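Chemist: Take the given structure of chain A and dock chain B to it, following the hints.
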Amino acid sequence: MKLSIAALLLIFVIYLLFFPAQTRPELTFQPAWAVDVAGVPASAAGQIEHASVFPFDLDSFFGYISYEGEVLLREEKLYGVAIDEKRYISYSSVSGNLIIQDRTGRVTANVEAPGYPVLLNDRLFIVSTNRAGVSELVAGERFGWEREYTSVITGFDAKGGLTAVGLLDSRVQILDGSGAVSLELDMKGSRINAVYGCALSEDGSRVAVVHGIDPQYLSIVEVAGESPEISDYSLETEFRTSRYLRFFGADRFLLIERADGMKILDLSDGTEYLIESAAPFLDAGNIQNENLIWAVFGNARAAELIIIEPPQKVLFRSGLTSAPSAISKNEHIMLGLGDTLCTLKKEIH
Amino acid sequence: MFWLITANGFAFQWPVENKVLTATFCENRRNHFHGGIDLGGGEQEIHPIEDGEIIFYYDTRQSAGAIPTGLGNFVVVEHPRGIRSTYAHIKDDTLRVDNYLVEKKDMLGIIGETGASMGKHLHFEVADKELRQIVNPLRLLPELADKSSPTINELLLIEGDYTGQLTSSIPLLKSYSPKSGDSISAGTWTILLEVYDLSEYVSYFCPMSPYRLQVYLNGQMARSLVYDGLGEKDGRLEFIQAQDVSFSTFYLDDWLVNVGQITIPEGAVMMELVASDYAGNETSRMVSLVATRP
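Chain order of the listed sequences is A and B.
Adding 3 to a residue's 1-based position in the first sequence gives its number in our numbering.
Adding 3 to a residue's 1-based position in the second sequence gives its number in our numbering.
Isolated chain A (complex conformation) (with noise of 0.2 Å):
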């Protein structure tokens, strides 16, 4: 019998070492470095030659840093910052200036505009200090066209040369390159009718729009041809202020802000995924190269760093010491803790 048991488990054994088992690979983010860029001295300008860097926009600082933690711009903040990975537009809450900054810190262009500038893929905005105006700076010094508005501005977004705005007004305008409305709905069929948030699909060919109070509306529009193709999905929970939401991997998936997380829609077939947070929504990106997701949550009580696999697999899911902003570039994810900033970079085992 004992023999034969033996037998059994070489069997066994030989078995697995000519078949093994195919286990999946396991995908971890492991924090590869942490700084605190208010113990680090300044750098002079003009070092920046690295490729690879993170814009950074924490509490008191913002900058440059390298992949490898090297901080390699640093400023104090005044009111805000627009910043990406070319230029940056540091700004005073009543300035009527916007001085223009490459990564090195050399000014580019200062143009008389008084407003806040934004920053969104590769395009330059500004939106009025009413919040109720918006233009665009084209080759980063002139104005290419303005809008202005008898509302709030509510939702905004830029994707494929088009541009999305959002009115308390229930008002979405879908602008062309020149800024003249090649779209403009009016968002209705609610007790009170007003858009609360708005995000064009990343080939542009489809603008999400969060609409109405009793109820709020989620309606996705088809911004091409004559009569626009329009899916409304009702949302449980109502906000008041502006709410985030973005298409993500390659328009398959949508990503909506909720009270106690986020849902994530798959327009492919309807159906709707929750993730819960315990802290408020507070951004979210997508992980280049992979079908990853990551948002970050929080507030003075809690925080956490959540990367899903969509629709809805939770890769990761760690607590924070305070509310974060984040940002993410190849596999590397940047996190803003305060004023200290950290990466966790991907790992397969």
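For the record, the hints were derived by calculation from the structure and aren't laboratory data.
Bear in mind that the values here come from a model prediction, so they are computed numbers and not experimental data.
The C-beta atom is built at its ideal place from N, Cα and C for all residues, glycine as well.
There could be a bad hint or two in this list.
[What the hints assert, rightly or not] Just so you have them, the derived chain B footprint on chain A, three or more residues with Cβ under 8 Å:
hint, stretch
1, 92-102
2, 241-247
3, 269-277
Modeler: Just chain B now, with coordinates in the frame of chain A:
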């Protein structure tokens, strides 16, 4: 609180108790019209002008998103008949949005200086969502006592139909300051006026926009601009009462405005410019001219 049944039948109250008016509707804000009024008076409670429902709020410490705003913490209340009122620059941590249905007695927040603010004040706006117009709040609120009249600093004329852009120095080079007894060409002239209304409520120099500008030729009204409201046309805000008067064509300097065009007939002409404020105080300037065939 003071109450009023306005000409439109609406009952509104002032949003604050201590009404220190420091800016009026349609003032020059460098690239846009001031779309409301400013009320100082230090930190004090802000109340809705009428019962209504909070339909939008922005808390700078909590609201995520990519749209920056100079309004600071602000709240929008919808009232009956499609009127929406906005209360901006509310002090941090005082914004009250726990109950969306609000009555006149409810506090929305405390006057602060969040956002693009040079001091503690309430920026207050009113919009008619059905007409998609920004409404001059001082046309809806109970009248404020005011004994001072507007100031007309300068009257300039430009021959022809001038609709230049803001910050252009060309009109000043081409302009002409008329004196009584001057002889000018009959025909179309553009009138520029440097005009403001001083605030009675503060001790420092605090110019504000008047309410109405009128031009009379020989006793007949030739041009009138009333700061009643703003509407959209082709992506620009225009006076609802005078089409084609947008910010870029109206303001040539801080208080120098393009009143518009008049046609001066041949012969003796008495030109009168009248600026009025919200209490009905008027200032006028008269010039007698002799217009000859060009």
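Chemist: Compare the structure with each hint and give your call.
Modeler: Hints versus structure:
no., hint, result
1, 92-102, "holds (count 3)"
2, 241-247, "holds (count 4)"
3, 269-277, "violated (count 0)"
The structure does not agree with numbered hint 3 stated previously, though it agrees with all others.
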